[in-house]
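Protein chains in written order, with my numbering: chain A, -1 to 154; chain B, 66 to 169.
No lab work stands behind these hints: they were computed from the structure.
Here the structure is a predicted model, which means the values were calculated and not measured.
Careful: at least some of the hints might be erroneous.
Partial list, derived from the structure: chain A residues whose beta carbon lies under 8 Å from chain B [claimed, not checked]: (1) G53; (2) V114; (3) Y141.
Computed Cβ-Cβ distance ranges for the label pairs, DEER-style [unchecked claim]: (4) B:I79 / A:R21: 44 to 52 Å; (5) A:G109 / B:E132: 22 to 30 Å; (6) B:V167 / A:E35: 34 to 42 Å; (7) B:R135 / A:E119: 21 to 29 Å; (8) B:R135 / A:S77: 47 to 55 Å; (9) A:G81 / B:H82: 44 to 52 Å; (10) B:V167 / A:V79: 53 to 61 Å; (11) B:T80 / A:S41: 26 to 34 Å; (12) A:N82 / B:T80: 47 to 55 Å; (13) B:A156 / A:L90: 18 to 26 Å; (14) A:T120 / B:S169: 35 to 43 Å; (15) B:G84 / A:L78: 45 to 53 Å; (16) B:R146 / A:R84: 29 to 37 Å.
All C-beta atoms in this analysis are idealised placements derived from N, C-alpha and C, irrespective of residue type, glycine included.
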Amino acid sequence: MEALLPFLLLLVVGYVAGRANERRHYRELETLEATLEDIAVSSDRAAVEGGAVRGGVLVVGSVVIAEDYFKRVAAALRSLVGGNLRSYESLLERGRREAIVRMKEEARRHGATHVVNVRLETASLSEDFSGRRPLFSAELIAYGTALVPEPRQAAG
Amino acid sequence: MELTTLETVPGKTITRHLGLVQGSTVRAKHVGRDILAGLKNIVGGELKSYTALLAESRNEALDRMIEQARAAGANAVVNIRFATSNIAAGAAEVMAYGTAVVVS
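Pulled out of the complex, with its shape left as it was, chain A reads as follows (with noise of 0.2 Å):
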């Protein structure tokens, strides 16, 4: 029982800190998606239309997770029977969504109004060549073209 204490002290230290964190995170994106509402984002290769562009500027977002120790042991878990892993599912898409606020933030600085061709790209830093299961990391991609319009001449 006494070999199990670090095991569960973890445990709990993992879900409590894990939830506030991610609960933070979501809250913490939905404030800033709002106020980048106004760029749009596509993954189409053709700029958008909607007056003349002055150039476009490479933009890249990025952010390095890793999971906690309760989605770890959830995860195990539930990879003995199978289905969803949705604690990695909350995980990638709180990843993936801080990648693309930040691509978004790097085009607001450039004056863009839109980013276009977004490619989202996910690559795992966990593979452990020495055969035991490594904690799990992954760095998480959004890049794409924005367009900086042309000054809007003053009408009238």
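On the provided structure of chain A, position chain B as indicated by the hints.
Relative to chain A, chain B alone:
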């Protein structure tokens, strides 16, 4: 140097294609950063030091790609793509590639 993920440079026309250019870096993770990341793994969330490390590597890969394009006589790189892969325990390769072109 104009950089874009599109096949063209917005507002300009491509007059010459100069072929594929690429740049890459292999970065080892910092041991100190790894220990901190290990602690962070109990509570989860963003590993800020790794985010910065990989962003730095990506910029360097981009710089190397730009250098190659410049050497070929290009003034723009179109259709840029990034790729990250874990090549050994504690090391990651970041690569950027695209097509070098002359635009006017």
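Here's how the hints hold up against the structure:
no.: 1; hint: G53; in the structure: holds, 6 Å
no.: 2; hint: V114; in the structure: holds, 7 Å
no.: 3; hint: Y141; in the structure: holds, 6 Å
no.: 4; hint: B:I79 / A:R21: 44 to 52 Å; in the structure: holds, 48 Å
no.: 5; hint: A:G109 / B:E132: 22 to 30 Å; in the structure: holds, 27 Å
no.: 6; hint: B:V167 / A:E35: 34 to 42 Å; in the structure: holds, 38 Å
no.: 7; hint: B:R135 / A:E119: 21 to 29 Å; in the structure: holds, 26 Å
no.: 8; hint: B:R135 / A:S77: 47 to 55 Å; in the structure: holds, 49 Å
no.: 9; hint: A:G81 / B:H82: 44 to 52 Å; in the structure: holds, 48 Å
no.: 10; hint: B:V167 / A:V79: 53 to 61 Å; in the structure: holds, 58 Å
no.: 11; hint: B:T80 / A:S41: 26 to 34 Å; in the structure: holds, 28 Å
no.: 12; hint: A:N82 / B:T80: 47 to 55 Å; in the structure: holds, 51 Å
no.: 13; hint: B:A156 / A:L90: 18 to 26 Å; in the structure: holds, 23 Å
no.: 14; hint: A:T120 / B:S169: 35 to 43 Å; in the structure: holds, 37 Å
no.: 15; hint: B:G84 / A:L78: 45 to 53 Å; in the structure: holds, 50 Å
no.: 16; hint: B:R146 / A:R84: 29 to 37 Å; in the structure: holds, 31 Å
In terms of the numbered hints stated before, the structure departs from none.
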